[in-house]
Amino acid sequence: MNNVVTRREELQQLRARADMATEYAAEMAALRSRKDYLAEYDYFLDLLGLLPHPERFRERFKKPLVGLTCVQAPLELVDALGFHPYRLCAHASSRQRLVSSQLPSLACPLLKSIRGSFHLDESLERLCDLTVIPGSCDWMAKLPETLEGRAPGVHVMELPRIRESERGQRRWLEEVRELKRVLEKRAGRSLSRQALLRSLETHARAWRAWHLLLDARSQSLISATWTTVISHAFLMGDTEGWTDRVNRLLRVLREQPPLSGTRVFLAGSPIFFPNLKVPQLIEEAGMHIAGDELCSSERILAGPALGRDRSVDGLLRSLAEQYHLGCSCPSFTDTPRRLANLLETLHQRRISGVIYHVLKGCHPYDMDSYRYEKIIKERGFSFIRIETDLSREDGKNLLVRLEAFRDLLHERS
Amino acid sequence: MNLTRSRLLVQSLSFGILTYGGRFGLNLGHALPCLSCPYVNGCGGHCFLMALQGSFWGVQASLSALAGPRGLETLRMLALFILLALQLSKLWCGWICPFGTLQDALTWVRSRLGIPEARWSWATSDRLRWVKYIFLLLLLAIPLMIANLGLHGDYGLPFCQICPAKPLMPLFTGDTAHLAIDTTNAITTAMTVLSLLLAGGFLAGMFFRERFFCIFCPMLALLGLVQRFGLVRFTKNVNACVGCGSCARSCPLEIRTVRAELVKRDVMSPECMACMTCADSCAHDGSLSFHWLKWRIFASSAVGAARRFRKGLFS
Chain A
740 MNNVVTRREE LQQLRARADM ATEYAAEMAA LRSRKDYLAE YDYFLDLLGL
790 LPHPERFRER FKKPLVGLTC VQAPLELVDA LGFHPYRLCA HASSRQRLVS
840 SQLPSLACPL LKSIRGSFHL DESLERLCDL TVIPGSCDWM AKLPETLEGR
890 APGVHVMELP RIRESERGQR RWLEEVRELK RVLEKRAGRS LSRQALLRSL
940 ETHARAWRAW HLLLDARSQS LISATWTTVI SHAFLMGDTE GWTDRVNRLL
990 RVLREQPPLS GTRVFLAGSP IFFPNLKVPQ LIEEAGMHIA GDELCSSERI
1040 LAGPALGRDR SVDGLLRSLA EQYHLGCSCP SFTDTPRRLA NLLETLHQRR
1090 ISGVIYHVLK GCHPYDMDSY RYEKIIKERG FSFIRIETDL SREDGKNLLV
1140 RLEAFRDLLH ERS
Chain B
9 MNLTRSRLLV QSLSFGILTY GGRFGLNLGH ALPCLSCPYV NGCGGHCFLM
59 ALQGSFWGVQ ASLSALAGPR GLETLRMLAL FILLALQLSK LWCGWICPFG
109 TLQDALTWVR SRLGIPEARW SWATSDRLRW VKYIFLLLLL AIPLMIANLG
159 LHGDYGLPFC QICPAKPLMP LFTGDTAHLA IDTTNAITTA MTVLSLLLAG
209 GFLAGMFFRE RFFCIFCPML ALLGLVQRFG LVRFTKNVNA CVGCGSCARS
259 CPLEIRTVRA ELVKRDVMSP ECMACMTCAD SCAHDGSLSF HWLKWRIFAS
309 SAVGAARRFR KGLFS
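Those sequence lines, one after another, are chains A and B.
Heads up: the first sequence begins at 740 in the working numbering, then just goes up one per residue.
Heads up: the second sequence begins at 9 in the working numbering, then just goes up one per residue.
The following block holds chain A by itself, in its conformation from the complex:
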């Protein structure tokens, strides 16, 4: 009987790997066949192409891997201790199918995709020496238990939901200090101030390049589909190489004609490779995403963690605050700035419509969408809420709604 089960599991794994390879290859081919494709994107596509091939990834990057979910764990700290930070988030339907019978049908598709990756015997996720999970939303809080020993090491960070209190800020600093201790133990060495400073500078340069690329997107020089590819590739390659390639791309983009399309803002749940359905449909409907607030896009980098205390502990405090206070994840109890920032961006970038993306099962963004719709409309902007998952079946339906939204924006302009 056990043999039968083992054989079935082997077959399931083989099928999943084949599905995954097909899914990634199909998305890659679709991207390469786009009209706005440039040779400069190959570097980022090649990095994403490593996702289904962990052995190639390990050959290219010899460092031990630390897998991270969400955007609250400081990358600089992981990098400074000699680990390669790797973002576990992906939108792969082939992966989520693997665990469809083990998780609620209405569970967050992102969680299912991550959990599915751990189900594969040979995946980058399983190769991670340590998996760091800040318990941002309820799904992420439950993820460690559902892994059932499939990750070699899991470290959970308890994320304080209330940030405006001294208690909350202290608790998160303690969590960051604890992460440092855990990583030091794994690395077998102490965190040096110089290494942390170098990592801070490296990431500040990456943030600067990313910021300029977002400016280029705001000027319609690059589409959101490509910026999503580039943002996902950020933690696939080495940070300096990625920064260098983004800067090179910027030089090329400045010579490109601007893209056409009605300018819109994309809010809500994150979007990860290989499912870029939402930005692709928005562009197909004749709109250009000139700004977003996604943790998978504009918010992938927390920004330069500046502070006056330059001791190791002072730098840790800067990192803790930058990643905690500066994060606009809706899982926090106090997010008064998120909506104000969104409205400010609409004014600054001359955007008249907001597309609010809700991944079915992503409750915090879903909860916020109703309040946001009310306030955004009251301020005179157009608003559309689209709810979807990782399937492709609703593509045509969504496209019709998005085209109607574009027409509405045209009428109002």
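Dumping the calculated DSSO-like pairs for lysine-lysine here, alpha-carbon to alpha-carbon at most 30 Å:
1) A:Lys-1116 to B:Lys-272
2) A:Lys-1113 to A:Lys-1016
3) A:Lys-1113 to B:Lys-272
Don't read these hints as lab results, they were simulated from the structure.
This structure is a prediction, so every number in the text was calculated from the model and none was measured.
Using the hints, position chain B against chain A.
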């Protein structure tokens, strides 16, 4: 504009002028809104706090004296102080004060040694900020008590007697006289011992905590009272702020109200000393800005924040 370099340049020049200017015939008067210590031989100008204490003491708080020449002199100096304070407001503290520059130098040394900064709770910070008002009250009240309630004259210039600048700043001219204990009588002995103890304590405090003395400085309290009418404005675009806390972390006095403000545009708090480090550290274009009348002096920008790293801020 490289704010760090510009400020360092202005601070160095101010330190030189205010500490040694008198030796070259420079006299900026007795109403300067910064701790330019009058006990420094050959200084270029005097801190207004000495004049403020001395005037009240000399006038003896009588109306007839106020109407006389000494009263007029008091009013002239007060008017001059207000004029200077209105022109540059807190820039006197963040950019010009020589005692502030000394504190920044100590912080630089600690920072290079990688020694963590001393920290305390929000509640302690909130309590400590009232001490400077108590100092201000005492430095006004004691001279009046000498004049009207028979308090001994050796309590005169009470703040100057215990101000840590008195024994420390003359050292820059090689003068160690103020490190001695004055045993003329019990009061002078007690005051000089207290002065040295406070100077030692503040020196340690200033090493382990940036701008430690400014938390207690009555000049900052005095400037805080007139800042509302000053020409220097510190404003925030509350909608552009993401609340990352860079401003509070970079602020030498760890002012939290700038980050916390969600509505008001004017964010200059009584504790602010207009060093502009908060705006320099803010990575959001135009979120924080300083103006002199309608002219912008400095505003936060992504380019500026990234440059601070590139120029080796932390190296």
